Amino acid sequence: MLSTEQVIRRGQMRDRVFSILGVALTILCLGVLAILLVNLCREGLARIDWQFLTTFPSRRAAKAGIFSAWVGSALVMLVTGLTAIPLGVAAGVYLEEYGRRNWFTSLIEINIANLAGVPSIIYGLMALGLLIYKWEDWFGDKTDSIAGLGQSIITGGLTLAFLILPIVIVATREALRAIPQHMREAAYALGASRWQVVKDHLLPYSTGGISTGVIIALSRAIGETAPLVTIGALTYIAFLPPAPFSHTESGQMVGPFAWLSSPFTVLPIQMFNWVSRPSSDDNNFAVNAAAAGIILMLVTLTMNTVAIVIRARVRKKVKW
Amino acid sequence: MPDTQIDTRPLKAEVKNFSFFYGSFQAVKNVSAPFREKAVTAIIGPSGCGKTTLLRCFNRMHDLYPGNRYAGEMILHSRSPDGSVRPLNIVHPSTSPIEMRMRISMVFQKPNPFPKSIFENVAYGLRLRGVGSRSELSGRVETALRGAALWDEVKDRLPQNAYGLSGGQQQRLCIARALAVEPEMVLFDEPTSALDPIATSKIEELIDDLRERVTILIVTHNMQQAARVSDYTAFMYLGELVEYDRTAKVFQNPGKPLTEQYISGRFG
Numbered sequence: 140m141l142s143t144e145q146v147i148r149r150g151q152m153r154d155r156v157f158s159i160l161g162v163a164l165t166i167l168c169l170g171v172l173a174i175l176l177v178n179l180c181r182e183g184l185a186r187i188d189w190q191f192l193t194t195f196p197s198r199r200a201a202k203a204g205i206f207s208a209w210v211g212s213a214l215v216m217l218v219t220g221l222t223a224i225p226l227g228v229a230a231g232v233y234l235e236e237y238g239r240r241n242w243f244t245s246l247i248e249i250n251i252a253n254l255a256g257v258p259s260i261i262y263g264l265m266a267l268g269l270l271i272y273k274w275e276d277w278f279g280d281k282t283d284s285i286a287g288l289g290q291s292i293i294t295g296g297l298t299l300a301f302l303i304l305p306i307v308i309v310a311t312r313e314a315l316r317a318i319p320q321h322m323r324e325a326a327y328a329l330g331a332s333r334w335q336v337v338k339d340h341l342l343p344y345s346t347g348g349i350s351t352g353v354i355i356a357l358s359r360a361i362g363e364t365a366p367l368v369t370i371g372a373l374t375y376i377a378f379l380p381p382a383p384f385s386h387t388e389s390g391q392m393v394g395p396f397a398w399l400s401s402p403f404t405v406l407p408i409q410m411f412n413w414v415s416r417p418s419s420d421d422n423n424f425a426v427n428a429a430a431a432g433i434i435l436m437l438v439t440l441t442m443n444t445v446a447i448v449i450r451a452r453v454r455k456k457v458k459w
Numbered sequence: 036m037p038d039t040q041i042d043t044r045p046l047k048a049e050v051k052n053f054s055f056f057y058g059s060f061q062a063v064k065n066v067s068a069p070f071r072e073k074a075v076t077a078i079i080g081p082s083g084c085g086k087t088t089l090l091r092c093f094n095r096m097h098d099l100y101p102g103n104r105y106a107g108e109m110i111l112h113s114r115s116p117d118g119s120v121r122p123l124n125i126v127h128p129s130t131s132p133i134e135m136r137m138r139i140s141m142v143f144q145k146p147n148p149f150p151k152s153i154f155e156n157v158a159y160g161l162r163l164r165g166v167g168s169r170s171e172l173s174g175r176v177e178t179a180l181r182g183a184a185l186w187d188e189v190k191d192r193l194p195q196n197a198y199g200l201s202g203g204q205q206q207r208l209c210i211a212r213a214l215a216v217e218p219e220m221v222l223f224d225e226p227t228s229a230l231d232p233i234a235t236s237k238i239e240e241l242i243d244d245l246r247e248r249v250t251i252l253i254v255t256h257n258m259q260q261a262a263r264v265s266d267y268t269a270f271m272y273l274g275e276l277v278e279y280d281r282t283a284k285v286f287q288n289p290g291k292p293l294t295e296q297y298i299s300g301r302f303g
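Chains as they are written, first to last, in the numbering used here: chain A, 140 to 459; chain B, 36 to 303.
Here chain B stands alone, though its shape is the one from the complex (with noise of 0.2 Å):
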């Protein structure tokens, strides 16, 4: 895409002043971006500049330990059943964090399936929501594995116990899990950093077909994983947003002197 081009895409998430606290230490330090609809944005940066921190927000993941803080705003645009979009602030002290959850589904930096059946585990976030019937699950538990690219691979092993999987089965596992419950968003954080190579480039085919069907923000240390999957890059430092840009733009000519240093391994 020519960095001309104009994106018609609707913003999907906006993120404005939006700092983080652990405790006394601020993590995120007043972040703006416009997160588009069906594009995937990978957040780049060193060890530390706060991306998994950012990115672990928008679930509101910090609420599971105590003393953090949100300041600033966070907003989804949430899209309803009938078509309307209506904003909702995400860290909002009135927003309730499961419904984030329900609506923006995570896959983490380590597979982490739980020790149940292949089925189950995907079946799990759907029971959640209240899907009961057993053909109703199937169903769906079907589309959500195909939609992983796991469906060749288990369907004739779905009651057996997920950690009999490999590696790289179990991170599509969790995939599939997290595109069970149809979410708005999906975060990836940094999904293939406990992967080998073959697996990786599995997972980044699936990313790259899932970008039609929802929205993904991905956290991400390895640059050239960035530059093959998404529509757009933030470069974090220091808990700052340095650049946030089309891909392209930010990999082939970026604004800041800093981001070039950091893209071409001058430091981080």
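Okay, chain A solo, but in the shape it has when bound (with noise of 0.2 Å):
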């Protein structure tokens, strides 16, 4: 048998071993990510300027640019939050305010949390099918509006949500659940419908819990390249998305919604297309790569950032 003094001994011997521990593997992985991003900025910090922000892909990678890649990913990401916002937060108000607990609802939770963790080429395969193929079986002969769903800006912004939605709709309940019962019960006791309940409080008092959740949706769905080289987003596009209202070369005028059957590439593909040319050191794409990979970590961490304050924010403001 080991003395009092034995015991607490080891027992501080195996803390500080512990933490030591910790701090080493935390300070390899913190170290491991600054390396990468040290080194991906002193490729490409200097590269970065009004030009590169403002032309189109070139045989020639100095004068190459993201315009076409980052007005792409804008587009694609206000067709994503678009749909994915008002589905997934109306399926998570509907499944946790709504949908009794029955074996139907649980099936659907199940799948749901399963649908977070699929691979995200599944779901470029899944809409492939889907959105491109058999819409042109069904649709496609009949008008040739909807025939043009093809490889285009819609295409892959739906892709996206459908990849985001499980996220969102988690988010939202997360949310909704953090909301005391109380809270819901003194709205009930003043005669509220279930719908003013949802509208008047539980929608206001999550609202920062959802936007953090589909902020970091988006940042997930901003850099995502696989879905969206499935369905054909090309890597090569030196024209823009027709604007609302604007002439085509033959004089016609294009309508509000052109743009989104509109062919495009995203920031991450054209990063990709990059990467993989052959660069030499007079023609080097491989800056080009590491300039376009700055703006978009810069992307997402702006709107990971964003989403901390505003979780702090409410945290501060609402406490039940």
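Some hints here could point you the wrong way.
Here are the computed distance ranges between Cβ atoms for each label pair [what the hints assert, rightly or not]:
no.	chain 1	residue 1	chain 2	residue 2	range
1	B	PRO292	A	ARG452	55 to 61 Å
2	A	VAL257	B	LYS51	54 to 60 Å
3	A	VAL171	B	GLN195	57 to 63 Å
4	A	VAL448	B	SER228	36 to 42 Å
5	B	ARG162	A	ALA173	22 to 28 Å
6	B	ASP191	A	GLN151	53 to 59 Å
7	A	SER245	B	ARG162	34 to 40 Å
8	B	ARG162	A	GLU248	51 to 57 Å
Below, simulated SDA-like cross-link-like pairs (lysine to any residue); rule was C-alpha separation at most 25 Å, straight line [stated by the list, open to error]:
no.	chain 1	residue 1	chain 2	residue 2
9	A	LYS455	B	SER131
10	B	LYS145	A	VAL453
11	A	LYS455	B	GLU155
12	B	LYS284	B	GLN259
13	B	LYS291	B	ARG71
14	B	LYS151	A	GLN320
15	B	LYS145	A	GLU324
16	A	LYS338	B	GLN259
17	A	LYS455	B	LYS151
18	A	LYS338	B	SER131
19	B	LYS151	A	ARG153
20	B	LYS151	A	MET322
21	B	LYS151	A	GLU313
22	A	LYS338	B	LYS284
23	A	LYS455	B	GLY199
24	A	LYS455	B	LEU193
25	B	LYS145	A	HIS321
26	B	LYS151	A	ALA200
27	B	LYS145	A	VAL336
No lab work stands behind these hints, which were simulated from the structure alone.
Every value quoted in this text rests on a predicted model; they were computed, and no experiment measured them.
We treat Cβ as the ideally placed atom computed from N, Cα and C, and that holds for glycine.
Fit the two chains together into the complex; they arrive one by one in their own frames, and the hints show the way.
Here it is, written out as structure tokens:
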């Protein structure tokens, strides 16, 4: 048997060993990340200028830019956000506040949790099958306007919307679940209907949590490459989607939603394209890739920062 | 009030052979009791005796959760603006729970104001009833806050968040919120159990003032409180109504040994 002192000393030693191990591993992880970041910046930072942001891709690395890529990313995100946010929030509200607990809702719940873990390329394949091939089978011959779903911004946006829908639903449900039950009872006791409780109380009180989830979901979507490559996003786009009500070369006016069916590329695809090109010292695409990578990371970091700020502010404001 | 005096107040509500089930568990067993208009009736009893469960039947709060079932009758003698009285079975399937909650307000155990402004908290029930004009809202919010003895403390900070108020003030705000809609009955579910003694005595004074205006049902753990504020007392045990009588009678000369034991603190 050990003396009390020995036992204490042994416990302290183990504590110390574990904390040293933890710190070392944390430093290792952060260090690798820092090296990658520094490397990326050293290579690409000098390449970022106004010209880089406002020119189309080119065969000459020094003349190439990411204009079509970031516009494409922004427009695809717009479609993704406009579809995934209302659908996801509505589904979350339904499952949390309306749906009765039975085997059917449990089944839906398990599936949503699983969907959040499905590899993104699977979503790409699904979109390719559903939105491109099947859509053409069903609607292709009937109307020209819908037949144009094809390899377009709307297809890309919807594909990423499928991808982030589970994340938005889960975030919405968690935000709703964080509202204590006595808040709901207070509103119901005054004679509010279910919808009035949702609209006047639950949604306003959970806006912080929902927007945090939505921003994190969008920042994941903006970095996705695989599903968009699968549906056939192009890697070389030297034009912008038509602006609403602009005129084509033949003088025809373009409809307000024509940009939706335009071919597109996005930042990560542009980056991938540059990485996979042979680079030489006088035509160095790797530098472009690094520069595009910095931009992409800045966007993602900014989005995540906004999410963290919102979360912190909500936490400070609402304590139940 | 001496025991012999006949209460001339009309009945506001009546419970007849009323039972309530959480799934297969019967939480309220075959209870019958009258509730006089503009009287304060206290429901007392040890934890788990079904008193809160019974109270929450009056505004159909149990409808919010699946698997709950009412049996028997719970009648509200509802008064129309023209003075005519119409009996309404609160727990009948065809009775809308929303209508009952419009007629019968509730004050909860823990103060639960909305994380909105003080004004909006009181105005919300009125907005639900379609009161839109700013001047009418302000007038009725002020009346309700005065009625809840809170006006002087909050009149200069109506636009501020209700979470800035103290616990006792929050509870009085919840009372104002319940009164603003001019209910026929107000249910109090242990309204002072989360408050300190000073805040508690303020709430009790308030209940005393309110009895002239509205029928009150109060569930309480605190027997002194029941003795202080109520005209009638119902003692419940294991889901059954053991004794129901005038408060003075129940506390001074209880009819059942079980009531006597509970009141003298021998169990519960």
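Now for the hints, and whether the structure bears them out:
Taking the beta carbon of each, B:PRO292 and A:ARG452 are about 60 Å apart, inside 55 to 61 Å as hinted. Distance hint for A:VAL257 and B:LYS51: a CB-CB separation of about 57 Å, consistent with the stated range 54 to 60 Å. Evaluation of the 57 to 63 Å hint for A:VAL171 and B:GLN195 yields a failure: the beta carbon distance comes to about 49 Å. Checking the proposed 36 to 42 Å range against A:VAL448 and B:SER228 shows it holds: the Cβ atoms sit about 38 Å from each other.
Under the hint 22 to 28 Å, the C-beta atoms of B:ARG162 and A:ALA173, about 54 Å apart, miss the expected range. Between B:ASP191 and A:GLN151, the C-beta spacing of about 57 Å keeps the proposed range 53 to 59 Å intact. The beta-carbon spacing between A:SER245 and B:ARG162, approximately 37 Å, falls within the hinted interval of 34 to 40 Å. Taking 51 to 57 Å as the suggested C-beta distance range, the pair B:ARG162 and A:GLU248 does not conform, at roughly 34 Å.
Using a Cα cut-off of 25 Å, the hinted pair A:LYS455 and B:SER131 is violated, with the two alpha carbons roughly 39 Å apart. Between B:LYS145 and A:VAL453 the CA atoms are separated by roughly 22 Å; this keeps the pair inside 25 Å, and the hint holds. For the hint linking A:LYS455 to B:GLU155, the alpha-carbon distance of about 21 Å falls within 25 Å, and the restraint holds. With a CA separation close to 14 Å, the supplied pair B:LYS284 and B:GLN259 stays within the 25 Å bound.
Our distance criterion of 25 Å between C-alpha atoms is met by B:LYS291 and B:ARG71, whose separation comes to about 22 Å. Using a Cα cut-off of 25 Å, the hinted pair B:LYS151 and A:GLN320 holds, with the two alpha carbons roughly 17 Å apart. Simply put, B:LYS145 and A:GLU324 have alpha-carbon atoms about 11 Å apart, close enough for the 25 Å limit, and the pair holds. Between A:LYS338 and B:GLN259, the direct Cα distance comes to roughly 42 Å. Violation of the 25 Å bound is thereby established for this hinted pair.
The suggested pairing of A:LYS455 with B:LYS151 holds, with an alpha-carbon distance near 15 Å, which does not exceed 25 Å. With a CA separation close to 21 Å, the supplied pair A:LYS338 and B:SER131 stays within the 25 Å bound. Restraint check for B:LYS151 and A:ARG153: not satisfied, since their Cα atoms lie roughly 50 Å apart, outside the 25 Å limit. Pair hint B:LYS151 plus A:MET322 holds up; C-alpha atoms about 12 Å apart against a cutoff of 25 Å.
Proximity of B:LYS151 to A:GLU313 is assessed by CA-CA distance (about 21 Å); at most 25 Å being required, the pair is judged to hold. With a C-alpha separation of about 49 Å, the suggested pair A:LYS338 and B:LYS284 falls outside the 25 Å cut-off, and the hint is violated. Between A:LYS455 and B:GLY199 the alpha-carbon distance is near 13 Å, which keeps this suggested pair within the 25 Å criterion. A distance of roughly 21 Å separates the Cα atoms of A:LYS455 and B:LEU193; the hinted pair therefore holds under the 25 Å criterion.
Among the hinted pairs, B:LYS145 with A:HIS321 is consistent with the structure: their alpha-carbon atoms are about 8 Å apart, no more than 25 Å. With a CA separation close to 57 Å, the supplied pair B:LYS151 and A:ALA200 exceeds the 25 Å bound. Using a Cα cut-off of 25 Å, the hinted pair B:LYS145 and A:VAL336 holds, with the two alpha carbons roughly 19 Å apart.
The earlier numbered hints that this structure contradicts are 3, 5, 8, 9, 16, 19, 22, 26.
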